[in-house]
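Turn these sequences into a full structure, and let the hints steer you where they fit.
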Amino acid sequence: MQKRFREKIGRIFAKLFIYVVLVLMYAPVIYITIFSFTDHKTTGIWNGFSIKNYINLFNPRNSYAIDIWDAALNTALVALASASIATILGTLGAIGIYYTRTKWVKNSLDFVTQIPVVNAEIVTAVSLCILFVITSAFLPRSFITLVIGHVVLSIPYVVMSVKPKLEQMDPSLYEAAMDLGATHTKALFKVIIPEVIPGILSGFLLAITLSLDDYVITVFTKPTTGGFNTISTYVDEVTKRAGLPAPLRAFTAILFVVILIAVVLMNARNSRVARKAIVKGD
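Residue numbers for the sequence shown follow the working numbering, so the first one is 84 and each next one is one higher.
To be clear, the hints were calculated from the coordinates, so they are not data collected in a lab.
The reader is advised that the hints may include incorrect statements.
In silico DSS-like pairs for lysine-lysine, Cα to Cα no more than 27 angstroms straight-line [claimed, not checked]:
id, residue 1, residue 2
1, K273, K248
2, K323, K305
3, K359, K248
4, K189, K269
Shown next, in the form of structure tokens:
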């Protein structure tokens, strides 16, 4: 009897904890979304239903809209560039580590790769900032340094995404390809890469997510001239000057809805694939 009572209490607290976490996660976004439909300049004051913020967001003459879309474009360009480079380097790094035969070298490389993951991001950001100060004579802070910073941030996560797929792969495939006359390069692209494509895609998407979400490294490595901003740095700068702009509330709401739709579609697709696999298994 007491055991059942404890289990029931445990389930109640578990559900309560989940609900609290969900509220803390989504309440701010829902709050911003609600007040994106009122035209009052101050967030939290309801001035009647209006879509003026959405109209202003797509108004090419609105200064806030121009800055928001410029920052969004910069964010997307940095994310795509850094994720592409990090995926290539991280995949090659994971393959190199996997095929390293000297055990202590392999363990050392694994350890070094994991350091940036557990390390405080501010340490990496300050280190990169100091490096770019030293190299400022021939490599001033620019779009390139920002991409380099995001590549450094993302590579370890790509390595960690690709390595499990390598470990699941039949180790004799590469040797078999070599025995059949394939060159190292051909065996890499025809045998190894196709086997680890899911890990590569996961690493690429994770790298994009990390780049889109990053603030700390961006602040320390972005260009110091020209007013260059990503979404994260733009929000920080503009809220310090004038509070949260009304068009930015609309942009946040649109971004949230787009991501929500993407997640729903992805989950629906995964469910269909799982159902088809079950049907085939039967």
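| Straight-line alpha-carbon gap K189 to K269, limit 27 angstroms | It holds: about 24 angstroms lies between the C-alpha atoms, which stays within 27 angstroms.
| field | Restraint status (C-alpha distance of K273 to K248 at most 27 angstroms) | value | holds, 16 angstroms
| message | Just to be careful, I want the Cα atoms of K359 and K248 compared with a cutoff of 27 angstroms; is the pair within it? | response | Holds: K359 and K248 sit about 23 angstroms apart, inside 27 angstroms.
| said: With the threshold set at 27 angstroms, check whether the alpha-carbon distance from K323 to K305 stays at or below it. | reply: holds, 18 angstroms
Checked against the numbered hints above, the structure violates none of them.
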